[in-house]
Every structure is written in structure tokens, then in C-alpha cells.
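Trainee: These protein sequence lines map, in sequence, to chains A, B, C, D, E, F, G and H.
1 is the number of the first residue of the first sequence in the UniProt record's numbering; add one for each residue after it.
1 is the number of the first residue of the second sequence in the UniProt record's numbering; add one for each residue after it.
1 is the number of the first residue of the third sequence in the UniProt record's numbering; add one for each residue after it.
1 is the number of the first residue of the fourth sequence in the UniProt record's numbering; add one for each residue after it.
1 is the number of the first residue of the fifth sequence in the UniProt record's numbering; add one for each residue after it.
1 is the number of the first residue of the sixth sequence in the UniProt record's numbering; add one for each residue after it.
1 is the number of the first residue of the seventh sequence in the UniProt record's numbering; add one for each residue after it.
1 is the number of the first residue of the eighth sequence in the UniProt record's numbering; add one for each residue after it.
Mixed in with the good hints there might be a few duds.
[To be verified] So, partial list: chain B residues that the calculated Cβ filter (under 7 Å) puts toward chain C:
# : residue
1 : 56
2 : 76
3 : 79
4 : 103
5 : 104
6 : 116
7 : 133
8 : 139
Rather than coming from a laboratory, the hints here were simulated on the basis of the structure.
Even glycine gets a Cβ: it sits at the ideal position worked out from N, Cα and C.
Okay, here's what each chain looks like letter by letter:
There are 8 protein chains.
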Amino acid sequence: MELTVYLAGQIHDNWRSELKNKAKQMELPIHFVGPMENHDRSDNIGQEIKGEQPSAIFKDEAASEINNLRTQVLLNKSDVVIALFGENYKQWNSAMDAGTAIALQKPLILIRPESLHHPLKEIANKAQVVVETEEQALKALSYIFETN
Amino acid sequence: MELTVYLAGQIHDNWRSELKNKAKQMELPIHFVGPMENHDRSDNIGQEIKGEQPSAIFKDEAASEINNLRTQVLLNKSDVVIALFGENYKQWNSAMDAGTAIALQKPLILIRPESLHHPLKEIANKAQVVVETEEQALKALSYIFETN
Amino acid sequence: MELTVYLAGQIHDNWRSELKNKAKQMELPIHFVGPMENHDRSDNIGQEIKGEQPSAIFKDEAASEINNLRTQVLLNKSDVVIALFGENYKQWNSAMDAGTAIALQKPLILIRPESLHHPLKEIANKAQVVVETEEQALKALSYIFETN
Amino acid sequence: MELTVYLAGQIHDNWRSELKNKAKQMELPIHFVGPMENHDRSDNIGQEIKGEQPSAIFKDEAASEINNLRTQVLLNKSDVVIALFGENYKQWNSAMDAGTAIALQKPLILIRPESLHHPLKEIANKAQVVVETEEQALKALSYIFETN
Amino acid sequence: MELTVYLAGQIHDNWRSELKNKAKQMELPIHFVGPMENHDRSDNIGQEIKGEQPSAIFKDEAASEINNLRTQVLLNKSDVVIALFGENYKQWNSAMDAGTAIALQKPLILIRPESLHHPLKEIANKAQVVVETEEQALKALSYIFETN
Amino acid sequence: MELTVYLAGQIHDNWRSELKNKAKQMELPIHFVGPMENHDRSDNIGQEIKGEQPSAIFKDEAASEINNLRTQVLLNKSDVVIALFGENYKQWNSAMDAGTAIALQKPLILIRPESLHHPLKEIANKAQVVVETEEQALKALSYIFETN
Amino acid sequence: MELTVYLAGQIHDNWRSELKNKAKQMELPIHFVGPMENHDRSDNIGQEIKGEQPSAIFKDEAASEINNLRTQVLLNKSDVVIALFGENYKQWNSAMDAGTAIALQKPLILIRPESLHHPLKEIANKAQVVVETEEQALKALSYIFETN
Amino acid sequence: MELTVYLAGQIHDNWRSELKNKAKQMELPIHFVGPMENHDRSDNIGQEIKGEQPSAIFKDEAASEINNLRTQVLLNKSDVVIALFGENYKQWNSAMDAGTAIALQKPLILIRPESLHHPLKEIANKAQVVVETEEQALKALSYIFETN
């Protein structure tokens with residue numbers, strides 16, 4: 001049995017590649033997917049494909065067309081969603097993805113620093129698992145495959 | 001025909017009562033519901049019902065149990081969801097509610113200042129309607145009832 | 001028992017008001033809903049609510065935001081969808097509404113002139129009932145309420 | 001990860017084979033499916049299987065039985081739907097397929113010439129991505145597979 | 001609380017009116033719906049609405065368009081489905097309605113003479129309740145409303 | 001707005017009537033439904049309706065046919081499910097009802113003595129709210145209706 | 001692409017093995033599944049697994065437990081359902097399977113002799129394809145795989 | 001065709017490994033999954049991953065977060081659920097899993113000693129198959145794969 005896990009959350013540091021490396025070391029049969037992590041490419045992809053837009057708002061709208069296509073296709077393919085929240089960004093799309101996953105009855109693992117417990121309390125309550133580090137999230141995933 | 005509309009979003013100013021007043025003036029047959037707007041009551045409701053909790057995190061978890069009960073019941077009853085985002089708060093629960101509404105195929109009206117277009121671009125793209133003011137949102141709702 | 005029936009299709013003549021009048025004469029307990037029939041208002045509603053847009057395409061996109069909000073809310077409330085197709089217009093939104101109704105397992109009544117049978121054959125095959133006149137559609141609806 | 005993409009839309013030119021060729025050059029792991037593109041075979045398949053029919057309408061009904069079987073099976077298997085609209089045909093079945101895809105929460109990519117923006121505005125608003133060329137649609141699909 | 005109950009099954013005797021009379025005597029808050037019980041009207045309704053058809057098969061197809069419209073609308077409105085099977089008729093549409101009700105998670109009450117237990121065993125196993133008389137079915141419905 | 005709340009759980013004491021009385025005093029617009037609370041009637045209803053059965057197992061099967069009909073109809077009508085677990089009974093049907101409610105995305109309020117926290121930990125984790133007394137459950141329900 | 005096709009219908013002659021042989025000759029990538037075709041085994045499987053039952057009715061109930069397990073598992077795995085009806089049997093389970101397939105939005109191919117058109121008219125109207133022979137059904141399935 | 005079967009129920013003896021061994025001897029193409037069977041690990045997994053908790057209740061809540069993640073992921077992947085109930089344990093989570101499986105339209109096989117027929121009667125009635133031994137459950141699964 002293999003699992004597909006969508007990695008929602010901020011794209012401003014390399015937490016995904018660290019998590020994937022650790023998963024590889026643990027030999028977990030997991031295929032990780034997620035959003036475009038190249039921030040510039042993510043912001044510009046709309047204009048790159050659809051051409052120049054009349055304003056910053058329309059540039060954003062064009063970019064999010066393509067980014068949401070990617071998210072919807074990959075989220076539909078996933079068995080579990082991990083959402084990581086950090087101190088510095090708004091990450092409203094991550095919270096929306098979390099809500100979508102829950103409504104589709106896909107379990108959510110929330111990773112967040114303890115300092116963010118208050119603003120994330122409603123998402124934490126809806127998440128199946130709440131942890132503080134990527135390592136803890138991987139241990140929870142690893143537990144799914146454990147046999148006696 | 002009557003509609004039920006859930007008002008997601010920040011609970012730090014009185015935008016909901018202003019919106020409801022305008023809707024009353026426009027004589028729209030809409031029943032508005034939403035989260036607890038008394039911020040202290042919302043934060044303390046868990047301990048008030050479940051008793052003292054061992055830490056701030058568990059106090060938050062207890063509060064969000066009750067707040068999410070309210071949200072889930074009222075969201076299930078709603079035909080449309082309005083989510084308002086402002087400059088000052090994280091509002092991750094509003095973004096999660098938006099994601100839930102969309103996954104349940106309930107149309108979302110997003111109200112946000114133009115200055116927030118970039119961090120809200122993915123939610124804006126998923127929303128059925130994006131506007132900047134409560135008045136615009138009401139005009140969109142009013143249009144549903146218009147006859148020739 | 002009352003039914004709500006959505007009247008999809010062209011907004012260029014007064015077929016809806018004729019159909020509603022006949023239904024009133026037949027004393028059918030049906031509440032009819034449908035798109036905005038004032039063509040100019042339908043085309044301009046986006047700019048009226050959201051302000052001037054940078055081009056005709058963006059004006060159309062703004063209008064369809066609001067028009068689709070209306071359609072989604074009213075379609076969700078409906079028990080049956082009637083779609084009327086005529087000779088003169090593209091009516092792609094009517095065909096999309098028909099597809100949506102069918103996927104949501106709401107029965108579709110298709111009204112079309114015999115001359116259009118070829119281009120409408122796939123929709124006709126998916127429709128629960130195919131007729132040529134509004135009167136026939138009303139007879140089919142009336143039959144739902146008949147007792148012996 | 002592989003994707004299955006349904007190519008809805010007109011069957012009167014060879015846009016599908018061009019799109020598939022480009023996808024092969026781009027080495028995209030996509031399996032394309034779609035309607036019967038041989039127009040005569042599509043129109044006659046009902047009589048070929050079910051025998052002669054009493055009129056042109058019943059011939060069409062017989063053909064659409066078989067064509068819709070094909071569409072429903074392949075659409076159920078698909079992760080994404082592309083719908084291409086051109087200037088010359090009614091393409092109501094493509095619009096119905098678009099509506100079905102959206103109601104089933106499968107993302108839609110709409111390809112259409114700018115000249116058709118007005119009659120397609122409601123479908124464009126429901127589509128996840130709107131572009132003008134097959135190449136742009138493929139770039140959007142390609143973006144789903146991109147890693148950093 | 002009121003319930004709507006669909007009465008599937010043969011339309012060749014007056015079991016429905018007897019059942020409704022008993023329910024009225026028991027003062028059950030139940031609204032009963034069901035197919036057209038006038039057999040001739042049921043068989044001819046297609047031609048009455050759609051005009052003369054080219055053969056007996058097409059006459060049947062036209063009639064079942066309208067009959068299935070009625071069934072789908074009323075089944076969607078129902079909380080419980082009762083299906084009665086007797087010795088003399090094929091009643092395949094009743095069995096199809098039973099399968100539809102079960103797949104839609106609406107409970108089925110099967111009424112059948114003991115002599116039919118063998119050919120009805122798979123439906124009996126899927127039914128929530130299996131009885132032999134209309135009176136037993138009404139007692140089961142009555143039990144839903146009982147308080148201590 | 002009114003809510004319907006299903007009261008799952010043991011039928012061996014009068015917790016439901018106490019809860020309903022308190023709700024009446026609090027003037028909550030809630031319609032409570034639940035299983036047959038007369039234990040003997042619940043055990044015998046199968047034989048009463050279907051006649052004598054060949055063994056105790058078949059008597060139980062007949063009873064549960066009718067009891068599950070009641071549960072399924074009333075659960076489908078409910079907005080919230082409360083499940084109360086006590087020390088003395090197996091209450092496996094209550095746990096099954098809890099699982100059904102959660103899978104149907106209806107929020108669950110679990111009432112249980114602290115002493116049962118260990119065997120109920122998985123249900124507690126799935127429940128939206130976990131409390132120890134009926135009064136606490138009513139406070140949580142009351143909170144849904146509170147306005148500022 | 002491979003398809004799984006469930007062969008519902010009578011188990012009293014060898015129509016399934018003939019159909020499978022023809023499909024093999026046509027080299028269709030289809031995996032056929034269906035009910036137990038050994039009639040005695042199908043009738044006795046309940047007692048074989050669960051032990052002797054107190055009456056013919058309970059023997060039938062035990063058998064249908066196991067037969068319906070098989071049907072539900074295989075139907076869930078299927079992309080298309082074929083139901084064949086013949087002159088000689090009641091085949092109510094086939095009609096129930098047809099209703100289930102349609103409600104689950106899986107396309108149904110109905111095979112029936114023309115002589116049965118009247119009692120099967122409602123199922124025929126709900127079926128995606130109606131034919132008279134297994135060969136015609138296979139041609140319809142083959143058409144799904146055809147490329148130009 | 002392969003099946004995935006989730007083995008719900010008590011984790012206090014080795015019934016699962018016995019069942020898996022017999023399935024291997026019978027050469028059934030079934031992949032069995034289930035909960036963590038190491039009781040201590042199951043109880044402690046929350047603290048192992050999330051750190052020490054403030055009380056036994058919070059330790060249980062932490063453990064069930066992780067255990068329910070495992071269950072939800074594996075249940076979503078399963079075609080059939082087997083639930084075994086024994087004399088000695090409360091097994092409320094097994095009953096909840098049974099309710100979840102049924103609501104998701106996955107067939108349930110219930111294994112229970114005859115002595116437990118009374119408290120399990122509602123689950124037995126909802127189960128597709130009720131047997132007393134693991135061997136009987138395997139025979140029922142084996143029957144799905146049988147060909148003539």
C-alpha cells in the first residue's frame with residue numbers, strides 16, 4: 001500500500017524537501033505532492049501562460065487560476081493532507097486547503113509552532129493530528145504502516 | 001423563498017450588525033447566521049462549559065470544540081457563505097470555513113480590501129463573487145431575488 | 001407538496017412569463033425561479049456592483065460572477081430544471097446548467113423545436129423529458145401532482 | 001503520478017491530435033480520452049448497433065445513447081476536463097460536459113478564441129482555467145507536474 | 001415532524017388507497033406519494049403529451065419519460081419508500097425504485113406475500129423492514145412517531 | 001431557526017426526559033428525537049409486528065429491523081447527534097449511531113463520565129464536543145442560538 | 001485503460017460465458033464480474049457458511065446475505081453495469097442492481113428481447129443503452145475504446 | 001482483482017494473524033489492514049509523538065488522534081470491513097468503525113459469538129453478513145472470487 005500526501009502551507013523555506021528527505025530515510029512508501037515552491041514562478045505563472053494582465057489584481061487572479069488547478073488535481077489524488085503554518089505569512093490558501101480536505105473527509109495533519117495555538121485553534125480542532133514539527137508528522141504517517 | 005447566509009470572518013468590529021441593518025433596510029428575505037461575535041465569550045466558552053483546562057492550549061482546544069459545533073451546524077443550514085477579511089487579524093478559521101463552503105458546493109462571497117488581493121488570491125479565485133464592501137455583497141445577494 | 005422549478009435557457013423573449021401564466025391558470029403549486037431576464041441588466045450587473053472593468057472580457061467576467069451566484073443558489077433550491085433552446089442564440093450557459101442539473105440528479109425537461117434535434121441530441125438523451133412546447137412541459141409537471 | 005484528461009469539444013478539426021502530439025513532445029504523463037472524432041461514425045453509431053430507426057430524431061437518439069455511454073465512462077475516469085469551443089458549431093454537448101465536470105468537482109480548462117468571450121462568459125467563470133490555445137492548456141497541465 | 005413516504009409497486013389494485021385510509025384512521029402525520037395509479041393514463045401519458053409515436057416501443061419510451069419524471073421528483077422528496085410486490089406482475093420498475101432508494105440511503109419497507117420470498121430474497125435482504133401486509137408496514141411507520 | 005437533535009445512547013434511565021425538561025426551561029428551539037425508550041417494547045416490537053420468530057436471535061433480528069428503521073429516519077432528519085454512554089451497558093448501537101453521524105458530517109456531542117474516558121477515547125476524538133453532563137451538552141447547544 | 005463491467009441478470013443459461021468469449025475474440029480490455037452463476041451454490045451458500053436455518057425463508061435470507069456481499073463489492077468496483085432480462089424469470093434482484101447502478105451514476109446497458117419492452121419500459125428509460133443482444137452490448141462497449 | 005479488507009475489533013488476542021494465515025492458505029487475493037495490535041503501543045503512541053500530556057484523559061486524546069488517523073486512512077482504502085466482537089471488552093471504537101463503514105456504503109461482515117446476539121442486534125441488522133467465526137468470514141470473502 002502506498003499513500004499520497006499533499007503538503008499544504010508556506011512556500012518560503014525548504015520544509016518540504018527536509019520532510020521528503022527524512023521520509024526517504026525512514027523508507028516510507030509515500031508519494032508527496034504539493035504547490036509550486038518557487039515563489040516567483042508561482043506568482044508569475046498566470047502571466048506566463050495567459051499573457052500580460054491589466055493590473056496587479058488581474059495578474060494575481062491569472063496566477064491563482066493555474067495554482068488552484070494544480071492544487072485541486074493533486075488534492076483529489078491525496079489520501080492525507082499536511083498543512084504547516086509558520087509565524088511570518090498569512091497563508092490563507094493553506095487554511096482554505098485545510099478546510100477543503102476536511103470537507104472531503106481526507107484527514108489533516110496540522111504542523112504549527114506552539115506560539116500559534118490561539119489563531120489556529122479552530123483548524124487544530126478540525127485536524128486529525130496536531131504536532132509542532134515535521135518529524136512528528138512523519139512519525140504519525142509511519143504509524144499507519146506499522147505492523148506488529 | 002428565503003435564504004440563510006453565514007457571515008464568516010473577523011469578529012473584532014461590528015461589520016455584521018451594519019450589514020444586517022442594511023439588509024433590513026433593503027427588505028431582503030435573508031436570515032443571517034455566524035460565529036459568536038463577543039470575543040471574550042468565544043475565547044472562554046470552552047472553560048465555561050467544560051471547566052478549567054490544564055493550559056492555554058487546552059483552553060483554546062475546549063473553546064474551539066464549542067465554536068466549531070456552532071459553525072458546523074449553521075454552515076450546514078446556509079445557502080451562501082460571506083467571508084470578510086481585514087488587515088489586522090490572521091482569520092485562519094475564516095479561510096478554513098471558506099474552503100469548507102466551497103467543497104460543499106455552497107457559493108462564497110469574499111469581501112476584502114484591495115490591499116489584501118495578493119495573500120487572498122487563491123480564495124478569491126475559488127469564491128463565486130469578490131467585492132470590497134458589505135454593500136456590494138448585499139447588492140449581489142439582492143440580485144438573486146430580483147424579478148423583471 | 002410544492003415544487004421549485006428552475007427555468008434555464010434564453011432570456012431574449014418572454015417564454016418564462018407565458019409559462020408562468022399558464023401554470024397559474026392550471027393552479028400548479030410550483031414556484032418558478034430563473035436567471036435575470038433583463039438582458040442589459042444581466043450584462044452590466046458586474047460593473048454595476050464591482051465598478052468599471054479594464055476590458056470587455058473583464059466586464060463579462062464580472063457579470064458572470066454575479067449571474068452564476070444567482071444560478072447556483074436557485075439551482076440548489078430547485079427540484080426540477082427546465083431548459084429551453086431556440087434557434088437564434090448560443091445558449092452555452094443553458095447547456096452547462098443542464099449538465100449541472102443532471103450531475104446533481106435533478107431531473108431535466110428539455111424544450112426545443114424539432115429543427116434543433118441534431119445539435120441537442122446528447123442533451124436530449126440525458127434529459128428526463130424532451131418536448132417542443134412550454135405547454136407540454138407544464139403538462140409533464142402537472143402529471144406529478146395528479147391523483148386518481 | 002499519471003493523469004487522465006478528457007478532451008471535450010468540437011470534433012470537426014484535428015485539434016485533439018495536435019494537442020496529443022505536443023503533449024508527447026513535452027513528455028507529459030497524461031492519458032488523453034475523448035469523444036469519437038469520426039463525425040460520420042458518431043452520427044451513425046446508433047443505427048449501426050441498434051438497427052434502422054423510424055426517423056432522423058430517433059436515429060439521433062440512438063446515436064446519442066452510445067455516444068453518451070462513451071462520454072460518461074471516460075469522464076468518470078478523468079482527473080481534468082478540457083473543453084474547446086470554436087466559432088462554427090453549436091457544441092451544446094461540450095457545454096453540458098463542462099457543467100457535468102464542474103458539478104463532479106473535476107477542474108475544467110476552457111479553450112476559446114477571445115471573440116467568443118461573451119457567449120461563454122458563464123462557463124469561463126466556472127472553469128478553473130481559461131485560455132485561447134491548446135498550447136496554453138498544455139502549459140497549465142505541465143505545471144501540475146513541475147518540481148523545483 | 002412529518003414524513004413523506006413513496007408507495008412503489010403494482011398499480012393494479014387499490015392497496016394504496018386502503019393503506020392511506022388506515023393511516024388516516026391511525027392519525028399518522030404522513031404524506032403519501034407514488035406513481036400514477038390509473039393504468040391507462042400511465043401507459044398513454046407519453047403520447048398524450050408528446051404526440052403519436054412510431055411504434056409500441058416508442059410509445060412506451062415516451063410514457064416512461066413522464067412516469068420516471070414523476071417518480072424521480074417524488075422519490076427525492078421522500079423519507080421512506082414502501083415497495084409492495086404481488087403474485088401477478090413483473091414489477092421491474094418497483095424493484096428498480098427499491099434499488100434507487102437503498103443507494104440513496106432512504107430506508108425501504110418491503111411488503112410481499114410469503115410465497116414470493118424466494119425471488120425477492122435479495123431485495124428483502126437490502127430492505128430495512130420486510131412484512132406481508134400493509135397493516136404491518138403502517139405499524140412500523142407508526143413506531144417511528146411513538147413516544148413513551 | 002429550529003434544530004432537530006437525535007438522542008442516542010442507553011434507554012435504561014430517564015436521562016432523555018430530564019434533558020428535554022431542562023431544554024424547555026431554557027426555551028431552546030430544539031426538537032428532540034431518539035430511539036424507543038420503553039425497553040420491553042423495543043425488544044418485542046419485531047415479534048409484535050412480524051409475528052413469532054423461530055429463536056431468540058431471530059426475535060432480535062426482527063426487533064432491530066424496526067428499531068433501525070426508526071433510527072435511520074430520525075437520524076436523517078437531525079442536525080446534531082448527542083450520544084450518552086454510561087457505566088452499565090454495552091451500548092454498541094449508540095457507538096454505531098455515533099459513527100454513522102460522523103460519516104454523514106453531522107456533529108456529535110458525546111456525554112460520558114470521566115471514568116469511561118479510556119474505552120471511549122476514539123469516539124471522543126471524533127466527537128465535536130465531549131462533556132460529562134446533559135447540562136453541559138445543552139449549554140453547548142444553547143450557544144449555537146446565542147446572539148450578542 | 002481497462003474497464004470493469006458487472007453482468008447482472010439471470011443465471012439460468014450461459015449468456016455470460018458466451019459474452020466473455022466474444023469479448024476475448026474482440027480483444028476488449030474488459031474485466032467482467034458478476035453474481036455466482038451456479039444456481040444451487042447461490043441458493044445454498046447461506047446454509048453452507050452459516051449452518052442450517054429454521055425455515056426456507058431464513059435459508060433464503062442467509063443466502064442473500066452472502067450473494068449481496070458479492071454483488072455490493074463487485075458493483076462498487078465496476079465502471080459499467082450490463083443487465084440482461086429474459087422471458088422466464090422474475091429477476092427482481094437484477095432490476096434492483098440496475099436501480100443501484102443508476103443511483104451511483106454508473107451507466108447501465110440493458111439487454112432484453114423486444115417482447116419485454118412493456119414491463120421493462122421504466123428501466124429502459126433510465127438505462128444509458130438499450131439493446132436486444134449481447135453482441136450489441138459488446139459493440140457499445142467496444143466503441144468506448146475506439147480511436148480514429 | 002484484489003480486495004483490501006479492514007479488520008476492526010478487539011486487539012487483545014491474535015485473531016487477526018490467524019485469519020491472515022488462513023487467508024494465505026486459501027490463496028485469497030486480499031490485502032488485510034487494521035489498527036495497531038500492540039496494545040501498549042496503541043495506548044502510548046500519542047505521548048510518544050506529541051510528548052507528555054497533562055492527565056490520563058489528555059494522554060488518551062493524544063493517542064486516539066494518531067490511532068484515528070491510521071483508521072481513517074486505512075478504512076478509506078478498504079473495500080470491505082470485518083468487525084469482530086468478543087465477550088470481554090467494550091470495543092466502542094469497533095462499533096463506531098462499523099457505523100462509519102455502513103454510512104460510506106462499504107459492506108460490513110460482523111463476527112460475534114452467539115452469546116452476544118442481543119447487545120449486537122442493531123449492528124447485526126446493518127451488517128451485510130453475520131457469522132460466528134473467522135473461518136466463516138473468510139468463506140464469505142472467498143465466495144466473491146469464485147467462478148464457475
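Trainee: Can we keep the residue 76(B) interface hint, with Cβ of chain C closer than 7 Å?
Mentor: violated (13 Å)
Trainee: Regarding the hint that residue 56(B) lies at the interface with chain C, is the smallest CB-CB distance below 7 Å?
Mentor: violated (41 Å)
Trainee: Does the CB of residue 139(B) sit less than 7 Å away from some CB of chain C?
Mentor: Cβ of residue 139(B) sits 5 Å from chain C, so the hint holds.
Trainee: Restraint: residue 103(B) near chain C, CB-CB cut 7 Å. Satisfied or not?
Mentor: violated (14 Å)
Trainee: Would the stated hint for residue 133(B) survive a check requiring a Cβ distance to chain C of less than 7 Å?
Mentor: violated (10 Å)
Trainee: Given residue 79(B) as an interface hint, is its Cβ closer than 7 Å to any Cβ of chain C?
Mentor: holds (6 Å)
Trainee: Are residue 116(B) and chain C close enough, Cβ to Cβ, to be under 7 Å, as the hint says?
Mentor: Interface hint status for residue 116(B): violated (16 Å vs cutoff 7 Å).
Trainee: Is the shortest C-beta separation between residue 104(B) and chain C less than 7 Å?
Mentor: violated (10 Å)
In this structure, the hints that do not hold are numbers 1, 2, 4, 5, 6 and 7, in rising order.
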